[in-house]
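**Q** Taking the hints into account, I'd like the entire structure generated from these sequences.
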Amino acid sequence: MKILETKNLVKRFNGVHAVDRLSIGIEKGKITGIIGPNGSGKTTLINLLSGVLEIGDGEVVIDEAEKLTRLLPRQISFYGITRTFQNVRLFEQMTVLDNILVVVTERNVFASLFEKHTDYHGKIAEEVLQKVGLWEKKNQLAVNLSYGQRKLLEIARTLAMKAEIYLFDEPFAGLFPEMRKIISDIIRELKRENKTVILVEHDMGLIRELCDYTFVMDEGKLLAEGAPEHVLEKRAVIEAYLGE
Amino acid sequence: MEYLIHLAILFAIYAILGVSLNLVVGYTGLLSVTHAAFYGIGAYATAILLTKTGAGFFASVILGVIVAIVVSFLIGAVLSKFKGDYYALGTFGFNTIVFAIFLNWQSLTRGPLGIPGISRPELFGINFANNFNFLILALLFLGLIYFASRFITSSSLGRVLKAIREDETAIAVFGYNTLYFKLAIFVISAAMAAIAGSLFSSYITFIDPSGFRLMESVFILAIIILGGLANLRGSILGALFLILLPEILRFVGFPADIAAQMRQVVYGVILILLMLYRPQGLMGEYKL
Amino acid sequence: MDIVPQLILNSIIAGAIYTLIALGFNLIYGATKFFNLAHGVMVAVGGYAFFYFAKTLGLNIFVAVIIGVALAGLVGYGLDKLIYLPLRKRKASNMVLLVASLGAFTALQAVIAILFTSQFKTLSQNVGTQKLFEVFGGIITQTQLIILLAAVLVMAGLVLLLYKTQFGKAVRAISDDEEVARIVGINTNKIMGYVFFIGSAIAGLAGILVGFDIGIEPTMGLSLLLKGVIASIVGGVGNIYGGVLGAFLLGFVENFGIWKISGEWKDAIAFVLLIVFLVFRPRGIMNK
Numbered sequence: 001m002k003i004l005e006t007k008n009l010v011k012r013f014n015g016v017h018a019v020d021r022l023s024i025g026i027e028k029g030k031i032t033g034i035i036g037p038n039g040s041g042k043t044t045l046i047n048l049l050s051g052v053l054e055i056g057d058g059e060v061v062i063d064e065a066e067k068l069t070r071l072l073p074r075q076i077s078f079y080g081i082t083r084t085f086q087n088v089r090l091f092e093q094m095t096v097l098d099n100i101l102v103v104v105t106e107r108n109v110f111a112s113l114f115e116k117h118t119d120y121h122g123k124i125a126e127e128v129l130q131k132v133g134l135w136e137k138k139n140q141l142a143v144n145l146s147y148g149q150r151k152l153l154e155i156a157r158t159l160a161m162k163a164e165i166y167l168f169d170e171p172f173a174g175l176f177p178e179m180r181k182i183i184s185d186i187i188r189e190l191k192r193e194n195k196t197v198i199l200v201e202h203d204m205g206l207i208r209e210l211c212d213y214t215f216v217m218d219e220g221k222l223l224a225e226g227a228p229e230h231v232l233e234k235r236a237v238i239e240a241y242l243g244e
Numbered sequence: 001m002e003y004l005i006h007l008a009i010l011f012a013i014y015a016i017l018g019v020s021l022n023l024v025v026g027y028t029g030l031l032s033v034t035h036a037a038f039y040g041i042g043a044y045a046t047a048i049l050l051t052k053t054g055a056g057f058f059a060s061v062i063l064g065v066i067v068a069i070v071v072s073f074l075i076g077a078v079l080s081k082f083k084g085d086y087y088a089l090g091t092f093g094f095n096t097i098v099f100a101i102f103l104n105w106q107s108l109t110r111g112p113l114g115i116p117g118i119s120r121p122e123l124f125g126i127n128f129a130n131n132f133n134f135l136i137l138a139l140l141f142l143g144l145i146y147f148a149s150r151f152i153t154s155s156s157l158g159r160v161l162k163a164i165r166e167d168e169t170a171i172a173v174f175g176y177n178t179l180y181f182k183l184a185i186f187v188i189s190a191a192m193a194a195i196a197g198s199l200f201s202s203y204i205t206f207i208d209p210s211g212f213r214l215m216e217s218v219f220i221l222a223i224i225i226l227g228g229l230a231n232l233r234g235s236i237l238g239a240l241f242l243i244l245l246p247e248i249l250r251f252v253g254f255p256a257d258i259a260a261q262m263r264q265v266v267y268g269v270i271l272i273l274l275m276l277y278r279p280q281g282l283m284g285e286y287k288l
Numbered sequence: 001m002d003i004v005p006q007l008i009l010n011s012i013i014a015g016a017i018y019t020l021i022a023l024g025f026n027l028i029y030g031a032t033k034f035f036n037l038a039h040g041v042m043v044a045v046g047g048y049a050f051f052y053f054a055k056t057l058g059l060n061i062f063v064a065v066i067i068g069v070a071l072a073g074l075v076g077y078g079l080d081k082l083i084y085l086p087l088r089k090r091k092a093s094n095m096v097l098l099v100a101s102l103g104a105f106t107a108l109q110a111v112i113a114i115l116f117t118s119q120f121k122t123l124s125q126n127v128g129t130q131k132l133f134e135v136f137g138g139i140i141t142q143t144q145l146i147i148l149l150a151a152v153l154v155m156a157g158l159v160l161l162l163y164k165t166q167f168g169k170a171v172r173a174i175s176d177d178e179e180v181a182r183i184v185g186i187n188t189n190k191i192m193g194y195v196f197f198i199g200s201a202i203a204g205l206a207g208i209l210v211g212f213d214i215g216i217e218p219t220m221g222l223s224l225l226l227k228g229v230i231a232s233i234v235g236g237v238g239n240i241y242g243g244v245l246g247a248f249l250l251g252f253v254e255n256f257g258i259w260k261i262s263g264e265w266k267d268a269i270a271f272v273l274l275i276v277f278l279v280f281r282p283r284g285i286m287n288k
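Order-wise, the sequence lines are chains A, B and C.
Mapping of the first sequence onto UniProt numbering: position 5 corresponds to residue 5, and the numbering continues sequentially without gaps.
Mapping of the second sequence onto UniProt numbering: position 180 corresponds to residue 180, and the numbering continues sequentially without gaps.
Mapping of the third sequence onto UniProt numbering: position 234 corresponds to residue 234, and the numbering continues sequentially without gaps.
Any given hint might turn out to be false.
To be clear about the criterion: a stretch of chain A counts as covered by chain B if any three or more of its residues have a C-beta under 8 Å from a C-beta of chain B, and this derived list gives those stretches [to be verified]: (1) 45-59; (2) 83-92; (3) 103-113.
What the hints contain is simulated information worked out from the structure, not anything from laboratory work.
From a predicted model like this one, the values you see are computed outputs, not experimental measurements.
Even for Gly, the Cβ is constructed at its ideal location relative to N, Cα and C.
**A** Structure representation (structure tokens):
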């Protein structure tokens, strides 16, 4: 079933279409790749799906039931969506541990003031930080981590949300193979747990390796879709990339 | 000795102002320069209630807090639409408007004439005209507010506030209604400032609008930037330093009549030097 | 003397003064993209420099005007070189620059108060025997006419400078995109320094003119600055014509606003206008 769909999604900036009547459907429990040359609108799409940018026109559909023409950032977790950012956005002057704790505590203002710290929070934090290998650094400030560690922390933060849909925007960019393996293992494990992953990436090898289905974007429009092997061979797709 | 007690009382009042403002500026990252408005609301609430009715000091504190909560809720709601520099400008605006109200709503506040004859608190027969007793009262309030602030900053709420400061959109994505959180801390901070105002009113026994203008908010901002943003003990230290500053200047030889101006020069220069060389202040961890 | 024509005249004069402030402020904001609050004190610097050279030293009026304007420009230039430039080099955030400018404003204002006392002084020789002109039923003094003239001339001069000179081209390039301007080879820091000089000099001129019209006091800068900022934001920040438009709009709103209520509410009305714009149209009237 299509856990997430867009229907004629549009976003314009100063007259330029960043996303141009895009209609795609994301299958639940699968890893879906979004690829395309720079400026094709991939990150804009992720921003629209996570409420970070306001939808210009069209709608987003959740679980084939909920039709949304407006989406605020704070609503997406309610729909089971979480994300990472292309230009890592951590809470810099807070510790690694706090970066995780801050997303698992109470959403309600009054409750958060009087919330008692339970083992529950500590356990989740330890679990996700261990998974990315950052538990030993839990008291370090995020701003002091290496680039790779920062990307891993962002991923850990999403894992702590125990979400249904994970939007990863270029999570592998600039990482050494060891760290890439950690992330691809995490993504595969999410699939085993029947979670849905949407992956924006430039590395075609990873797309081939991980994705069940791929959408190719170019100039805001959908250029092609299908299994990675088929899509990556299509002439139009190759030309779009060469043209960039 | 009497003079030291006087300084200590002022210190306690400004420490309350500093600690409360730090919650908004240091922890949540909102550059609010309107704290003097809430300080003034508390002061006027106490002044008016004590001089016009038979109500007691503590009732006036509650009144001041309530008015401050209502006003700050409205102001905070409007301010939430502004970002960065515009937020600061918006707060200048509100301070100016509230000051204009103190100055012009003469039937209530007697405008520039001010309100004299404010009485000291009455409680269990303790004589609060004795400044030492008043100092104890002020320190008790400071302690209360300090511990309340600590409670807030070490709670989950406090952690969310810091995340808002670091990256508001990023924390929103994880399900937090950042508007409510910002509004909540703004209101709490305003209520604390009002308490400081009530203390000030009753201590000096005379208030007029001049103590609550924009420059006063800048002074309180200087206290927390000096002490260190997001560090409550730093705010107390900052208050101590800036209250003692005129005394230090007099000791060094500046005549009393320009001491007030000198104080302003010094804390203006301190702000510049801090921004240039030590933005995290004396005890700070967080750099602006 | 009819009320409405006089109100209109008053509005225009106020608009002219605010225009001068807004022009300088907008010029600096356009190039540096931060709210330089110290701009306010340049007004006082100009006014008091003139006072010193013309009244105390007895120099020729025109010479004193030139010195006053130049001195204000130099102080602005100095602030940039000593404080803002180092901060920019360190990639300091806008909040840091704003706080630093706040410190500079506070310190300089107090220095002026120490040097010249806080007393109100007037700059014009013969109070009350100024030439008066009757215009459409309202009265305008010679000084006020000069203010109008100055506003028009400065605006024209600025437009010429920005659109007909190489320097102006560079300034506009920096205002559009500082990084690109630098890549293209423009010495952005040097140009910004000159921009500070020019902008502050205009503020100094405004201070002298206001001094003739009303008088000078050390705190004159704050109120005028805030009006200038309001005018800039309402009209469209960084936009020359926007600043002028906003200035006159502000002048009218203020003067007609206090028609039926006390004049003391002027500042508050100005800020209500600001807040209305910040909520509904933060980019101002002229900006897209």
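**Q** None of the hints should be skipped; say for each whether it holds.
**A** Outcome of the hint check:
| no. | hint | verdict |
| --- | --- | --- |
| 1 | 45-59 | holds (count 3) |
| 2 | 83-92 | holds (count 6) |
| 3 | 103-113 | holds (count 7) |
Violated hints for the displayed structure: none, as all numbered hints are satisfied.
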